[in-house]
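2 protein chains.
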Amino acid sequence: MDRESPRGPAFPVADAVASLGRERKLRLDCGVELGPYAVGYQTYGRLAPDRNNAILICHALTGDQYVATDHPITGKPGWWIDMIGPGRPLDTDRYFVICANVLGGCMGSTGPKDIDPATGKPWGLSFPVITIGDMVRAQAMLLDHLGIDQLFCVIGGSMGGMQVLQWASAYPARVFAAICIAASARHSAQNIAFNEVGRQAIMADPEWRGGDYHSHGVKPAAGLAVARMAAHITYLSEAALHRKFGRNLQDRDQLSFGFEADFQVESYLRHQGSSFVERFDANSYLYITRAMDYFDLAAEHGGVLANAFKDTRTRYCIVSFTSDWLFPTRESKELVRALNGVAANVSFVEIETDKGHDAFLLDEPQFEATIRGFLAGAAEHRGLGR
Amino acid sequence: MDRESPRGPAFPVADAVASLGRERKLRLDCGVELGPYAVGYQTYGRLAPDRNNAILICHALTGDQYVATDHPITGKPGWWIDMIGPGRPLDTDRYFVICANVLGGCMGSTGPKDIDPATGKPWGLSFPVITIGDMVRAQAMLLDHLGIDQLFCVIGGSMGGMQVLQWASAYPARVFAAICIAASARHSAQNIAFNEVGRQAIMADPEWRGGDYHSHGVKPAAGLAVARMAAHITYLSEAALHRKFGRNLQDRDQLSFGFEADFQVESYLRHQGSSFVERFDANSYLYITRAMDYFDLAAEHGGVLANAFKDTRTRYCIVSFTSDWLFPTRESKELVRALNGVAANVSFVEIETDKGHDAFLLDEPQFEATIRGFLAGAAEHRGLGR
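So the sequence lines, in the order shown, correspond to chains G and P.
No gaps in the numbering here: position 226 of the first sequence is 226 in this note's numbering, and each next residue is one more.
No gaps in the numbering here: position 326 of the second sequence is 326 in this note's numbering, and each next residue is one more.
Calculated from the structure, these hints are not laboratory results.
No false leads were mixed into what you were given.
For identical chains, the list gives no copy identity; a pair is met inside one copy or between any two copies.
Taking lysine to any residue pairs in the SDA-like style, the calculated list, with each CA pair at most 20 Å apart, reads:
id, residue 1, residue 2
1, K244, A299
2, K113, F257
3, K333, G246
4, K244, D296
Please construct the entire structure, taking both the sequences and the accompanying hints into account.
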């Protein structure tokens with residue numbers, strides 16, 4: 001169901017929802033067997049006849065599958081539109097690009113806002129707690145459904161990078177190349193702490209109703225907005241905030257001596273909070289942050305990260321940003337050390353930028369060149385024609 | 001009203017509330033004339049006959065005057081007990097130490113939870129928005145009341161350090177020495193952003209009731225706890241969080257696959273939030289964070305920070321901590337440059353520690369030695385006998 005239009009992108013787009021887990025259920029890390037379940041996804045470009053040109057994009061906490069087309073709720077351009085298309089790093093003339101909404105999400109994949117078939121009511125907090133491993137298993141079942149044995153590449157930033165690592169570790173034969181951007185093999189104490197603040201903000205909102213707000217026709221918008229505001233600060237660097245806003249006042253010449261948004265940075269944050277609640281489900285925020293907190297690849301392999309990648313034949317590209325304090329370069333280097341420890345084929349690039357964690361979503365020429373170059377090299381090794 | 005007891009400290013303590021602004025009102029930066037108003041304070045040690053041995057401690061955002069005695073609500077030891085007493089850096093055998101609750105606070109100084117004499121009801125949000133300058137003017141009136149013309153030293157960390165700078169700038173003749181710890185001459189965009197998250201968390205709590213919760217006999221405990229949790233993360237370094245908690249689990253051997261506090265860091269943060277609301281007023285949190293946001297000493301002096309200290313004769317000690325990302329060393333250095341620009345007498349010490357912003361409240365031997373040494377040198381110059 002291609003939906004090309006005069007205004008649409010210059011490449012084939014499919015927007016679909018797969019119903020999976022009917023015959024074979026999805027066994028979650030918590031022990032629950034989930035099925036059937038839905039996975040909403042988009043694809044760009046065309047799958048090659050020998051099915052060897054697929055790139056899977058794994059999205060971040062608040063991302064979704066609308067990578068290269070306008071978002072159905074906000075109407076905004078896809079979140080990685082500059083990376084995808086003819087001649088762009090993820091070249092749709094060459095690759096078949098897939099992005100699926102994560103399990104637990106709210107954009108077409110089964111999550112806490114959906115109806116639990118067992119009760120006929122929204123899952124709410126009775127939805128099972130999921131992990132990065134569960135998200136990746138659900139994606140693997142989508143690839144089975146699409147008839148793709150091996151991905152040419154799996155790529156993602158932030159929580160997307162966690163999924164990339166999980167993919168390479170859990171399905172080594174299915175991943176030819178892996179690009180892990182601004183991520184880590186385990187969530188740090190500070191990051192767990194920030195996620196916990198966001199969750200507490202949501203759960204403190206009386207409209208959350210113990211997670212059952214969908215049944216009551218309300219939503220914890222104020223709590224979710226606060227969660228987003230706190231998180232958003234961590235996505236930017238102090239330098240970027242200073243450069244963009246400094247102490248500039250918003251729509252006024254002098255301080256108001258009140259609690260309105262005197263400063264541009266306050267106005268910006270409030271906007272980030274209020275626009276986020278229009279497109280995101282509060283319970284999904286709880287579940288997905290929890291999945292990030294639980295992620296610890298070494299712990300799943302006897303405490304030794306290298307064991308997660310034993311005998312790997314995947315080609316890795318690890319990218320970090322100098323001003324990213326949420327997933328600092330140090331954590332990428334730990335990952336590189338572990339990969340070196342198993343003699344993996346690894347490129348590591350630390351990109352100099354003041355844009356912070358979100359640099360992977362922004363116009364950053366050195367980053368684009370890195371992805372383009374790594375993919376070109378990997379494609380050559382994979383024998384993908386121009 | 002000394003309240004020494006067998007369990008009490010080994011030095012004279014006075015716990016008092018001054019009623020000020022009866023004859024001469026306090027002119028606030030917002031234009032309001034406030035009076036009468038109360039200032040709650042404690043003193044330790046004895047004022048010398050020539051009144052030249054007074055040290056004023058300025059407390060931080062959530063601090064108060066219970067510096068060296070047990071807190072009347074929590075029962076916990078004073079927040080700087082290790083720094084104050086016979087033989088300690090702020091030696092009570094030698095100095096007369098004063099600490100006053102800031103204007104807008106909730107521990108005895110007039111603030112939004114008090115009764116507005118004009119209406120007979122709690123001020124709530126009709127309390128005037130105050131500034132660091134207003135806090136310092138209120139303290140200056142307290143010194144007038146105590147008959148102290150010149151402070152031997154004014155000292156404080158974080159927002160306390162802002163007050164120290166304001167003191168030295170606004171009352172140059174009244175400050176012999178000034179110790180500014182982990183602070184800045186202006187609040188950064190990132191810090192304004194974190195404060196705004198806290199305020200939005202409070203104001204999102206329906207029990208806040210537009211600031212009028214005291215009239216309704218409720219309080220926005222959930223919102224204030226979230227504000228505290230978010231802020232608390234910024235007081236620690238990532239390294240300290242990792243060292244203290246890492247990914248250790250709380251009271252369990254394995255993940256719960258739920259939203260309880262699985263991790264120690266979550267449990268710790270929740271405790272920080274819930275204990276804070278027992279002792280702090282939510283509206284005070286709004287007003288005091290706003291005062292910090294508004295602080296910009298250069299802006300008040302034609303955009304040139306050095307102008308704030310023109311002709312200063314005060315001896316300065318500026319202290320920063322390597323792992324403090326809320327008030328990074330860079331900002332202390334800007335201050336030192338400005339002071340150097342007016343040929344001020346300045347010592348600058350950056351202390352190597354992984355304890356983050358809160359290092360000034362924790363056992364940090366090099367920090368203690370710095371304060372001790374600077375005060376000893378200043379005392380010699382001031383002609384204070386041993």
